[in-house]
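Engineer: Residue numbers (UniProt numbering), protein chains in the order written: chain A, 1 to 342; chain B, 1 to 342.
Take the hints with a grain of salt, since some may be wrong.
Identical chains share a label here; the pair holds if one copy fits it or two copies do between them.
[Said to hold, decoys possible] Pairs of lysine-lysine residues, derived as DSBU-like cross-links and limited to a Cα-Cα distance of at most 30 angstroms, are as follows: (1) Lys170 with Lys340; (2) Lys170 with Lys159; (3) Lys298 with Lys170; (4) Lys159 with Lys309; (5) Lys309 with Lys340; (6) Lys131 with Lys159; (7) Lys191 with Lys255; (8) Lys170 with Lys131; (9) Lys9 with Lys170; (10) Lys255 with Lys298.
In case anyone wonders, no lab produced these hints; they're calculated from the structure. All of these numbers come straight from a predicted model, not from anything done at the bench.
Protein chains: 2
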Amino acid sequence: MIKNDLYLKALRGETVERPPVWMMRQAGRFLPEFRAMRDDYDFFTRCRTPELASEITMMPIRRFPLDAAILFSDILVVPQAMGMDFEMREGVGPWLENPIRTLEDVQNIEVPDVNETLGYVFDAIELTLLKLDNDIPLIGFAGSPWTILCYCVEGKGSKAWDVAKSFCFKNPEAAHLLLQKITETTIAYLKRKVEKGVSAVQVFDSWGGSLSPEDYQIFSWPYINQIVEALAPLTHVVVFGKGCWFALEEMTLSKASALGVDWTVRPELARMLTNHTMTLQGNFDPNRLNSSPETITKMVTEMINRFGKDRYIANLGHGILPNIPLENAEAFIRAVVDWKPN
Amino acid sequence: MIKNDLYLKALRGETVERPPVWMMRQAGRFLPEFRAMRDDYDFFTRCRTPELASEITMMPIRRFPLDAAILFSDILVVPQAMGMDFEMREGVGPWLENPIRTLEDVQNIEVPDVNETLGYVFDAIELTLLKLDNDIPLIGFAGSPWTILCYCVEGKGSKAWDVAKSFCFKNPEAAHLLLQKITETTIAYLKRKVEKGVSAVQVFDSWGGSLSPEDYQIFSWPYINQIVEALAPLTHVVVFGKGCWFALEEMTLSKASALGVDWTVRPELARMLTNHTMTLQGNFDPNRLNSSPETITKMVTEMINRFGKDRYIANLGHGILPNIPLENAEAFIRAVVDWKPN
């Protein structure tokens, strides 16, 4: 049994004294102890070394009173397991030397055995659970098939994902084949995470917001929903689509336990679009952690009051930024932990 | 009197036989004759040379049955006039060697005399109106103060405008001073365009969607609204905020004649959020012009049927992409021109 189960209570829709809190990318670059590791190990070495990944996962937990841990990893380990050799290039970000551009490229991709290719993630879960000692839940995650396709086709980050989108609009058959292969790999990957003991899984659709509502229902949501259908009988599934406010109504009809929202959606509208029944997660603008701790405290309190304390997980609307001062991140977390009803 | 006044009729909310059509960035890189000029003149030389700017403005008009022309220029000519030396760097885009980073930087900026600094734009309008010979209206444009601030502070394009946003959140006083100076310059600039004979002005808030609804009402909308208030007695003002669906209700209460919407907003929702009273412009995903001409024709027809033919200006949801085939752009335009009620 997990001692602090606030996060799980929120996922189950139970009444709580205050909302749980965690921060997307909390095990990341804003922590000085994370940055200090950079000189010794490159990014994907840290993902692939269970001892390092579990240590990084624990870093924010040792500093702050967080209600959930999220396994340090990257969404690109899935396409790596499928044979796409993503690197992390300094000043560039993710980089794939030979991006997917044709139906033949897609046909050559295999759905891998995740135990062979991603065993290091499952080992990291095992180590992390020992360190967590049942104090708080551990979250596992994966990218959405659409978001993974974006990187595989574009070969690097992008503002508008025009290469990826034009690939899909010109070669829908190839796009759907690639999306299905990613989906199958992701389902096997997340199922194994659950077997290893994570308490919930979150699917990140970071670039779904580049699609129209109609194209989202063609190229993104059906594949996310396959994942939700496959995992929901086993664990809680949280879906976070950045910029995907237009799909919240469809998402609400799914078996997801919670939906993430970004900071462009007013809490009241998010509640309305999700029928006031869904657990919601979010949605503080990560850049607003540049404000003073006093302003942050005030804004977080208002955010909770607007979402309501129940069926709500306090979080950012996207990952924490690298340059945020520790005391500002702490002000965010403290404001949730110390929240009291009016 | 302008012979084809469909665009103006739509702005006035009058009944039309079919919606007018133009395409954002229609005078741009998708045209081979525009690309051919690149070897002879760099980007800002083309903006600053009235004969070239007016020729570029006419290029799409000579090819396609468009219902409006938009003066070839760039939103960054305004900060250039204010003393910020933006260049257009190959493979990089806009580039400012010394971005604005402090209150002192902002205090050093002057609100310029637009006649002295932007005379080349007004001369280009004069030349273009001669070439248009009253066939169709000419649109003038400017960037929103928020969007211009983004470039001035960031110094280049960005995915999330984190440097610009953190500048505003840490130095709100400096941000508001800069926004006010940009606003005053923009009002003088657009007023002079109207005096020179443009039939409408459009304000592009390309990066307003990076802000939360609350921050949009602090850092973007009040400044756009100053422009609307100043210009609405003189001409039609169209406001296009990319990613700013969350502000459509506030925008509807303003004196704007029309609002642009991007492709993430369903037509029915855009109508609802604007009280069914506003003229709307948009919202075809520019990347969907990569589909076949047959698919484009089908999708455009559906778009018009969903928005309705009146109080509607058919357009893309952002600028046309550089690699779009001419026949696909033509399919978009033809589908509007040939549209018939069911």
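Engineer: None of the hints should be skipped; say for each whether it holds.
Structural biologist: Hint by hint, here is what the structure shows:
1. Lys170 with Lys340: between (53 angstroms within a copy, 28 angstroms between copies)
2. Lys170 with Lys159: Both: 20 angstroms inside a chain and 25 angstroms across chains, each within 30 angstroms.
3. Lys298 with Lys170: Answer is between: at 16 angstroms across copies they meet the 30 angstroms cutoff, but 48 angstroms inside does not.
4. Lys159 with Lys309: Neither way: Lys159 and Lys309 sit 35 angstroms apart in one copy and 32 angstroms across, limit 30 angstroms.
5. Lys309 with Lys340: within (9 angstroms within a copy, 52 angstroms between copies)
6. Lys131 with Lys159: Classified as neither; 38 angstroms inside a copy, 37 angstroms across copies.
7. Lys191 with Lys255: Result: close within a single copy only, 16 angstroms intra versus 55 angstroms inter.
8. Lys170 with Lys131: Answer is neither; intra-copy 49 angstroms and inter-copy 38 angstroms both fail.
9. Lys9 with Lys170: Answer is neither: 45 angstroms inside a copy and 36 angstroms across each miss the 30 angstroms cutoff.
10. Lys255 with Lys298: neither (34 angstroms within a copy, 34 angstroms between copies)
Checked against the numbered hints above, the structure violates hints 4, 6, 8, 9 and 10; every other hint is satisfied.
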